[in-house]
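**Q** Sequence order for the protein chains is A and B.
Here this note's numbering is used: the first residue of the first sequence is 576, the next is one more, and so on.
Here this note's numbering is used: the first residue of the second sequence is 18, the next is one more, and so on.
Just so you know, these hints were derived from the structure itself, not from any lab.
Note that the structure is predicted; figures quoted are calculated from it, not measured.
Please note that a few of the clues may not be correct.
Okay, the calculated bits of chain B under chain A, using three or more residues with CB under 8 Å as the criterion [to be verified]:
| no. | stretch |
| --- | --- |
| 1 | 35 to 45 |
| 2 | 48 to 54 |
| 3 | 89 to 98 |
| 4 | 105 to 118 |
Every residue gets a Cβ at the ideal spot worked out from N, C-alpha and C, and that includes glycine.
Given next are the chains, with one letter for each unit.
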Amino acid sequence: MSEHESNPPAQECILCGRCLSVCPVLLGTGREELSPKAKQHMLKTLARNPERLRLADCRVLADKCLSCGRCRTVCPQGLSVPRRLAELRAAHPGWQQWLWKQWIERGAALWPALAVFGKVAPKDVGPQTFARFMDSLRAMAPAQDITPWLAVHTYDSEVGRGRSILLFAGCTARRIQKAWHAKAEAILGNLGYTVLSERAMTCCGLTLDHAGIPDAAHEARMRNVNAWRAAGRPRITTFCASCFHGLGEYAHCADVNWEEGEAEAFANALVPLSSLWGETTFSVTDAAPARVRYHQPCHWGGSDPDKAWLAATLGARISAPSGVQCCGMGGVLQLGDQPLSRAVATRCWDALAPDEGTLVITGCSGCTMQLRSSSPAMGRSGVPVAHWLDCVRP
Amino acid sequence: MSLNANQLHFLRTLFPDGDCLTAPEEMLVFETDASRLNGAPLAVVRPQIESQIVELLRWAHAECIPLYPRARATNVVGLCVPERPGIVISTLKMNRIIDVSADDFVAVVEPGVVTGDLQKHVEAMGLFYPPDPASFGISTIGGNVATCAGGMRAVKYGVTREWVLGCRVVLPGGRVIECGGRNHKNVVGLDLTRLMVGSEGTLGVMSSIMLKLMPKPEATASLMAGFATLEEAMLAVGRVFRAGVLPTALEFMGPEVLDCLALLVPVPWPHGTGAGCVRAVLLFRIDGSGAAMPADLERLRRALNDTTQGAPMWLEQGVGSAEEEPLWEIRRLINPATYYVAPNKISDDVTVPRGSLLPALTGIRDIAARHEVPILTFGHVGDGNIHVNIMHNAADAEERSRAVEAKLAVMELILSLGGTLSGEHGVGLTKAPYVHRQLGEDERAVMHDIKAVFDPNGIMNPGKAF
Ligand SMILES: Cc1cc2nc3c(=O)[nH]c(=O)nc-3n(C[C@H](O)[C@H](O)[C@H](O)COP(=O)(O)OP(=O)(O)OC[C@H]3O[C@@H](n4cnc5c(N)ncnc54)[C@H](O)[C@@H]3O)c2cc1C
Chain A
576 MSEHESNPPA QECILCGRCL SVCPVLLGTG REELSPKAKQ HMLKTLARNP
626 ERLRLADCRV LADKCLSCGR CRTVCPQGLS VPRRLAELRA AHPGWQQWLW
676 KQWIERGAAL WPALAVFGKV APKDVGPQTF ARFMDSLRAM APAQDITPWL
726 AVHTYDSEVG RGRSILLFAG CTARRIQKAW HAKAEAILGN LGYTVLSERA
776 MTCCGLTLDH AGIPDAAHEA RMRNVNAWRA AGRPRITTFC ASCFHGLGEY
826 AHCADVNWEE GEAEAFANAL VPLSSLWGET TFSVTDAAPA RVRYHQPCHW
876 GGSDPDKAWL AATLGARISA PSGVQCCGMG GVLQLGDQPL SRAVATRCWD
926 ALAPDEGTLV ITGCSGCTMQ LRSSSPAMGR SGVPVAHWLD CVRP
Chain B
18 MSLNANQLHF LRTLFPDGDC LTAPEEMLVF ETDASRLNGA PLAVVRPQIE
68 SQIVELLRWA HAECIPLYPR ARATNVVGLC VPERPGIVIS TLKMNRIIDV
118 SADDFVAVVE PGVVTGDLQK HVEAMGLFYP PDPASFGIST IGGNVATCAG
168 GMRAVKYGVT REWVLGCRVV LPGGRVIECG GRNHKNVVGL DLTRLMVGSE
218 GTLGVMSSIM LKLMPKPEAT ASLMAGFATL EEAMLAVGRV FRAGVLPTAL
268 EFMGPEVLDC LALLVPVPWP HGTGAGCVRA VLLFRIDGSG AAMPADLERL
318 RRALNDTTQG APMWLEQGVG SAEEEPLWEI RRLINPATYY VAPNKISDDV
368 TVPRGSLLPA LTGIRDIAAR HEVPILTFGH VGDGNIHVNI MHNAADAEER
418 SRAVEAKLAV MELILSLGGT LSGEHGVGLT KAPYVHRQLG EDERAVMHDI
468 KAVFDPNGIM NPGKAF
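Hey, can you work out the whole structure from these sequences and the hints?
**A** Right under this line is the structure:
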């Protein structure tokens, strides 16, 4: 019996091609060899007939993935390419992974310094890649150009009355965008919550995992779970789609020493910040931009609480492009292949189609940074990009 | 076999900037398609404009190098597999919608446009491109035209063939021919457009395609009907058509399919084998004007509710896509549900004249009993297209051979009823060994002669189709 007549094992790609329609890298380039399907086929071939391929060349292709996870949501076999690639990277570590590890693990010391340096670095210095690298660093500088225009009118302070909550701010807000952290804390306080210290918590581990550094990812997960335990297993909230996704994965991680029923309790404890407003009311001030375009982070994976809340609050003022739009931030691609990351970003901006009065808002730290660094010129400056927290006046 | 330095130089010059792949790692995925068969590409090229295709076909014709047009590679019969070493032509960078005219009711597109993207685009203008293969979101117009893809809406609107007004085709040697045009009627000359539709990449490379559009229907509604027996369901199909109702889509699910669906999800109909239980389901969709929809639904219900032939014992209806979706979601779950029956399947998409559906379905049921293998039947029953899944455990050699015998028996049955081996998936590599059972010597000889006019050196997708 030839292979095509037998059904594939449960965990094997059937080459149906569904993933091509959601993969930002394929959609941005038209290069089928970069599609999730191609990567699955490559991994299968590497496992069965390693003599056919050169590992070094496979790694170059493998790294051209944004780790957005969209392929898994449409795969009839439930396969996750980022996960498979992470396993490959873990077995064969390389330089980009090392760099990411530096960024994230030593970020507290490194990032703010880089952000300042990025801000003062002249735009025309150095080769193209250096300029782009600086662009992404510059984006990490605190947002100063957004005047909050969505004022909280009345808080529903019953939402959190008598409850404690952990605010998981994530690497970006802890280190660069400290204003987000402060605002989120204020909002939770006004909603009646007692906000617990998250000092013992660290990176959610998602990026470490995708970069193929499972040990560091495991360590991060354990530290966060232990901090949650020590705090008395309270609710945890976050305002970053990628952190939410990263923490949401914990319940499925066999490497966490979950007690009976504890993984489920953790999953249930995790709630997005934008779903906690209750009956809170808002008013839009005169500082509001003429047009608001919403960028949907890949990591909401289909159900997007930010979008639902913003649509209900802002009505016709906000709109979003249709189809798959990825900012191009994810994974090791940003460091490994900046031109490709740019190509994906360009497609995203084409769909956002900003004009002079447009503000782009999103709900993910990574997306905010990437969109800021890739924002096209518009009038005298680039198109402003905000995390929704930037717009809120608590 | 491999390409020599001159040949590589030619390709790299014609396809610069990463549009010519020759590294095994980069070419790997281009060796296969959704059939999971394998071949051996010598190179992969990605044209962005027609003139690159012209140069390529001029050269490949002279060099006698096989060429394999490839879009999203979702075909399940091996059509994109470079069985003989050759060059794969990926059309994914030719994906522009060139022109949509609301006056001419015409769309002109490059072959790599995804069908669902075109549909969304024209629907935003109040226009409609009806062909809707289940793969509409993941396959292309070029692929759909080259395979004459079918879909759910084929009952009312026909298959892809009905919607192709013309195309530009680059032939081996570099000639470019223009087939058809923007006219909705055109009887001048032989119909080369129809020849291209369903040609499975064996005649030339289409560089642009002209499609017919229609106004978008205002409203849709769906009705799911459960029957006590297969026979009653098939009689109801006849009644509906005789009553003058032409559904947009009409799907059928047999008793074995209902059983495995019930293993996967809670099904809405009364399930079981006792009295009062549903053993066959029909799923209708109708479309038209919003004002007429209630009356059309009522007419459909009246045609179904014939007490002498066995009225449906269970009905559920949905008006508008939000209400209709859950009904169609059940239909889409069939594929994953089949694996609850057995780990392996042989699947075919045979088709019979509409009037022969009942003998075809009961005949298949008898074959299943005779060969002691479960056979699931479902599909686009509105146009006589039956998906046949022969379920078995391939690890058991004896069971496997019974399944293979059952497949041949189904083929014989279908041909004896005047049917066809494939209604939409095509021949490709997987059905090529059986084509002679359906097509006579003379017919195949004429087909080969026609191919020789287009492609005298036989370089276009060799070994496929006929
Ligand atoms: C989940 C799933 C559901 C499906 N459902 C259906 C269905 O309901 N109905 C149906 O009919 N099919 C269905 N199919 C099969 C498949 O989607 C169709 O055959 C589709 O038309 C193939 O389109 P493609 O873009 O993937 O083309 P490919 O598979 O890439 O190519 C198909 C053929 O077209 C030729 N070709 C492509 N572009 C050109 C060009 N520019 N010039 C000349 N030849 C060209 C290729 O050489 C090849 O022979 C399904 C497949 C899957 C995986």
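**Q** Kindly indicate which numbered hints from before are broken by the structure, ordering the numbers from low to high.
**A** none
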